[in-house]
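Just so you know, the protein sequences line up as chains E and F, in that order. Residue numbers for the first sequence follow the working numbering, so the first one is 191 and each next one is one higher. Residue numbers for the second sequence follow the working numbering, so the first one is 619 and each next one is one higher.
Some hints could be false.
Below, a list of computed lysine-lysine pairs in the DSBU-like style, where the Cα atoms sit at most 30 Å apart [as the list claims (entries may be wrong)]:
(1) Lys756/E x Lys851/E
(2) Lys668/E x Lys456/E
(3) Lys851/E x Lys696/F
(4) Lys756/E x Lys696/F
(5) Lys725/F x Lys837/E
(6) Lys863/E x Lys691/F
(7) Lys863/E x Lys809/E
(8) Lys756/E x Lys699/F
(9) Lys486/E x Lys651/F
(10) Lys486/E x Lys222/E
(11) Lys863/E x Lys725/F
(12) Lys863/E x Lys696/F
(13) Lys703/F x Lys651/F
(14) Lys353/E x Lys609/E
(15) Lys623/F x Lys863/E
(16) Lys725/F x Lys851/E
(17) Lys756/E x Lys725/F
(18) Lys703/F x Lys725/F
None of these hints come from the bench; they were simulated from the model. Just so you know, these numbers come straight off a predicted model, no measurement behind them.
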Amino acid sequence: MHDTLEFVLFFLSLIFVFFLPGYFFLLAIFKKNIFRRFSQLEVFVLSVPTSIILIDFLTIFINKIGFSLNRISVFIFIALLLVIFYAFYYFTNSKETSLKVSDKKFPFTRNQTILIVLILFATIFIKTNYLTEAIFPTSTDLGHHMYWAKMVSETGNIPAYAKNEIVEMNGHYAIESNPIADFIIGEHLIFSAVNLLSGVSFVSYFPTLILFLINIFGVLAMFILAWRLFENFPFPESKLFNSANLAIFTLLLVGPLYAISSPQAKYVSGGVIGNLIGNLLIPTMLYFYFRAIREKDSWLFFVGLFLSAGLFYTHHLSGFIFLFILFFIFILFLFFSAAQTVLENKTKWLKNIFANYREFFRNLFKTVFTVQSIAFIFFIIFFLLFVYTPSYLATGAQSTVVGTPSKSTRAGLSLTDFKYAVGELRFIVGTLGFLILIFLNFTIKKSKEIKNDYQSILSLTIISGWLISIFLMTTQPKLLHINIPTDRIANYANFPFTITAAFGIIYFLLLLQKLNQKNLVSQKISLTLSTLVILTSFFLGIYDNTQSLSTNSNIQPALQTFHTSKFLASQTNSQNSSANFLKDHNYITADAWIKLFFMRDYNFPLSRSYFKRYEDSTKPREMCTLWMISEPSSERAQQCFEETGTKFIMIDTSSDEPQFKNNSEFSKIYQNKSISLFYKN
Amino acid sequence: MTNQKIIIFSLIFLIFSSFAYLAFTETRQHQIKDGWIIYFDNISDSSVNFTIENYSNQDEFSWEYYANDTLVKKETMKVLKNEQKSVTIDEPANSQSIKITVSDSEKSKDIYKNLN
Numbered sequence: 191m192h193d194t195l196e197f198v199l200f201f202l203s204l205i206f207v208f209f210l211p212g213y214f215f216l217l218a219i220f221k222k223n224i225f226r227r228f229s230q231l232e233v234f235v236l237s238v239p240t241s242i243i244l245i246d247f248l249t250i251f252i253n254k255i256g257f258s259l260n261r262i263s264v265f266i267f268i269a270l271l272l273v274i275f276y277a278f279y280y281f282t283n284s285k286e287t288s289l290k291v292s293d294k295k296f297p298f299t300r301n302q303t304i305l306i307v308l309i310l311f312a313t314i315f316i317k318t319n320y321l322t323e324a325i326f327p328t329s330t331d332l333g334h335h336m337y338w339a340k341m342v343s344e345t346g347n348i349p350a351y352a353k354n355e356i357v358e359m360n361g362h363y364a365i366e367s368n369p370i371a372d373f374i375i376g377e378h379l380i381f382s383a384v385n386l387l388s389g390v391s392f393v394s395y396f397p398t399l400i401l402f403l404i405n406i407f408g409v410l411a412m413f414i415l416a417w418r419l420f421e422n423f424p425f426p427e428s429k430l431f432n433s434a435n436l437a438i439f440t441l442l443l444v445g446p447l448y449a450i451s452s453p454q455a456k457y458v459s460g461g462v463i464g465n466l467i468g469n470l471l472i473p474t475m476l477y478f479y480f481r482a483i484r485e486k487d488s489w490l491f492f493v494g495l496f497l498s499a500g501l502f503y504t505h506h507l508s509g510f511i512f513l514f515i516l517f518f519i520f521i522l523f524l525f526f527s528a529a530q531t532v533l534e535n536k537t538k539w540l541k542n543i544f545a546n547y548r549e550f551f552r553n554l555f556k557t558v559f560t561v562q563s564i565a566f567i568f569f570i571i572f573f574l575l576f577v578y579t580p581s582y583l584a585t586g587a588q589s590t591v592v593g594t595p596s597k598s599t600r601a602g603l604s605l606t607d608f609k610y611a612v613g614e615l616r617f618i619v620g621t622l623g624f625l626i627l628i629f630l631n632f633t634i635k636k637s638k639e640i641k642n643d644y645q646s647i648l649s650l651t652i653i654s655g656w657l658i659s660i661f662l663m664t665t666q667p668k669l670l671h672i673n674i675p676t677d678r679i680a681n682y683a684n685f686p687f688t689i690t691a692a693f694g695i696i697y698f699l700l701l702l703q704k705l706n707q708k709n710l711v712s713q714k715i716s717l718t719l720s721t722l723v724i725l726t727s728f729f730l731g732i733y734d735n736t737q738s739l740s741t742n743s744n745i746q747p748a749l750q751t752f753h754t755s756k757f758l759a760s761q762t763n764s765q766n767s768s769a770n771f772l773k774d775h776n777y778i779t780a781d782a783w784i785k786l787f788f789m790r791d792y793n794f795p796l797s798r799s800y801f802k803r804y805e806d807s808t809k810p811r812e813m814c815t816l817w818m819i820s821e822p823s824s825e826r827a828q829q830c831f832e833e834t835g836t837k838f839i840m841i842d843t844s845s846d847e848p849q850f851k852n853n854s855e856f857s858k859i860y861q862n863k864s865i866s867l868f869y870k871n
Numbered sequence: 619m620t621n622q623k624i625i626i627f628s629l630i631f632l633i634f635s636s637f638a639y640l641a642f643t644e645t646r647q648h649q650i651k652d653g654w655i656i657y658f659d660n661i662s663d664s665s666v667n668f669t670i671e672n673y674s675n676q677d678e679f680s681w682e683y684y685a686n687d688t689l690v691k692k693e694t695m696k697v698l699k700n701e702q703k704s705v706t707i708d709e710p711a712n713s714q715s716i717k718i719t720v721s722d723s724e725k726s727k728d729i730y731k732n733l734n
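So that you can see chain E by itself, here it is in the shape it has in the complex:
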């Protein structure tokens, strides 16, 4: 009964934190025109990323004006925000009396709707199946992040990101607190908000389910982006080749196929919070910017701007990548626009090129430089300077991502590695689809309304800028002067390649249909080849899923770790012990979660890291944590124990007990199936 109530509270908190703020925000901005601009499905999908950013800004603001973050303050301020948005919506709508909801602009037929529901079912079913064995909180990254989220919930304040580290000075060791640049507040506040409202423990299902929700809406964001990107695309006349089918194929390729491998369910169970939010926000921002420019709508641009600002409070890598995407989109727009003009005009190229540019920039200026956007830019500068500065800016860490690659892991992927990172099918078909997209864009006759207009190349430009920028960042980081682990960028390539792969597959099916109509290919062959293409897509996607399934469950070993942690926490808390504590990262499962049982410091307990890290000459590190477990009797280890105040050592019994066993300076105070706890006398 208690579990059921807890789950119901959790689910209601999800609606309250992840849906309602965004929904009311969109309602306040677009008012009763909202369902003329968006379908209901779009509003449903877009409410989630918008809510995430709203909650981040709101909780930072609440804390800044002096309120502690607790269940009551978070509830009241979110409720107040909803009331303000609703009042704004209600009192600025005098002419119209009701929301007009129309299905006319929703291009999906009943059969397509059923297909979409089936694809969504398969997507959620496959991911759920994988997460059944991975829902238990064990992953290292998630453990690290949840420490900070729990810190916010326990203290009621925005944390100062810092950790205790062992430093060596003149042959002596000491503990020193140093700032951490890797964590960003937006990754943690949404978890704190849900925890405060629902009361569900951090060491439970709830962090992973939040990431699962973000992942599902990332998939949906891709679906609506693909649909809108190709809404006005000059497709060859065919029932098959249209934006609705393209969106469905995109959903298929990003949903049930490749549902588990990075950056999908693996990132959910792995607690890769920033990337998952980035993969939700990037398509969403592209959606808003694309539609803002196409429809010359300044409010759509405003929401895009709002989300972009939020991204820099949530995940700096995604923000950095998004800046590159925008830069490439801009450059490619200039290029494609000129190319289109040259192809469509036999004379006066330069004049026409600049006429197109002029028209574009005039409209862009009207869309961008509006009261609301300028006011928001001032607001965000004020927020940045006087309310909260993200830790990576405060510590100057942003400069470390620019420059010549400093390690082999940052030197870029080969084309073969890139192919596997994206998925073979998506890479090959996506590349072909991309080339076909360029070809069609410049060869098909456009309707009179969009002919010679920059609007006809917008979709192509967005896709190209997105795809080419990430491709170059991953394979040629030196060229772009960026210094980021390459595999972390590679996962961002999946999404644009998915859209072009969907384009490629549908075009191939169309080609077969055309060849059949012209009697160049028999219906049997056409049907067989079509089936073959679809089955191959299924096979490769599902094969990737099966390859990504984990066979080893680490739930029971993690429970041993948690039991040891609870035991030591209860003993040391009852005695107000200030002694330091060291654990091993090599052999102990879910050790990143130990710190949540103590909440004394991000680096409490100290950790013996992976052995290879102590041998990394490019990054010299302290050796105490290695010596204190690997050779506890040595003189240097004894000095480390003494000077760091380390009294408790948690180790894997089978791997590390012998070196403690025969040393009379240690007492063994606890032993479970796999772990022993030693006390330094």
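Fit chain F to the given chain E structure using the hints.
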């Protein structure tokens, strides 16, 4: 019902079902299913009192108490699965070391304090 609403309500239903299933699955996973655990009741003083938590199918345990490597006491006890039992032992004076060895029919574990 419009096509959009069909998709939205299906999504809500799918998300709710999946989340409920995963949440209850995870809740059930929070149970140690194998092995047993021993620890001192107080880790920082010289007391010998200890606890056995049993999560295995064995429920018969024998324990031995050594002071300065000399066997002082030996007993057997029953600890049912998913239960725990504490053992209180009178503390002898002037022990340099104390050790508790606990065994079931297959394995043995020990905990000890060096008091020097």
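How the hints compare with the structure:
1. For the suggested pair Lys756/E and Lys851/E, the alpha carbons sit about 23 Å apart, so the restraint of at most 30 Å is met.
2. The suggested pairing of Lys668/E with Lys456/E holds, with an alpha-carbon distance near 29 Å, which does not exceed 30 Å.
3. About 28 Å separates the Cα atoms of Lys851/E and Lys696/F, which keeps this hinted pair within 30 Å; it holds.
4. Taken as a hint, the Lys756/E and Lys696/F pair is honoured in the structure, with Cα atoms around 24 Å apart against an allowance of 30 Å.
5. For the given pair, Lys725/F sits about 28 Å from Lys837/E by alpha-carbon distance, which is consistent with the 30 Å threshold.
6. With a C-alpha separation of about 25 Å, the suggested pairing of Lys863/E with Lys691/F holds against the 30 Å cut-off.
7. With a C-alpha separation of about 36 Å, the suggested pair Lys863/E and Lys809/E falls outside the 30 Å cut-off, and the hint is violated.
8. Proposed proximity of Lys756/E and Lys699/F is supported: the alpha carbons are some 20 Å apart, at most 30 Å.
9. Our distance criterion of 30 Å between C-alpha atoms is broken by Lys486/E and Lys651/F, whose separation comes to about 62 Å.
10. Taking the CA atoms of Lys486/E and Lys222/E, the gap is about 19 Å. The hint holds against a cut of 30 Å.
11. Simply put, Lys863/E and Lys725/F have alpha-carbon atoms about 10 Å apart, close enough for the 30 Å limit, and the pair holds.
12. Of the pairs offered as hints, the one joining Lys863/E and Lys696/F holds, with about 19 Å between alpha carbons and a cut-off of 30 Å not exceeded.
13. With a C-alpha separation of about 18 Å, the suggested pair Lys703/F and Lys651/F falls inside the 30 Å cut-off, and the hint holds.
14. In summary, the hint linking Lys353/E to Lys609/E is not supported, as the alpha carbons are separated by about 38 Å, beyond the 30 Å threshold.
15. The suggested pairing of Lys623/F with Lys863/E is violated, with an alpha-carbon distance near 52 Å, which exceeds 30 Å.
16. A threshold of 30 Å between alpha carbons decides the hint, and for Lys725/F with Lys851/E the separation of about 18 Å falls inside it, so the pair holds.
17. Between Lys756/E and Lys725/F the alpha-carbon distance is near 24 Å, which keeps this suggested pair within the 30 Å criterion.
18. Restraint check for Lys703/F and Lys725/F: satisfied, since their Cα atoms lie roughly 18 Å apart, inside the 30 Å limit.
The structure fails hints 7, 9, 14, 15 (numbered hints given earlier, in ascending order).
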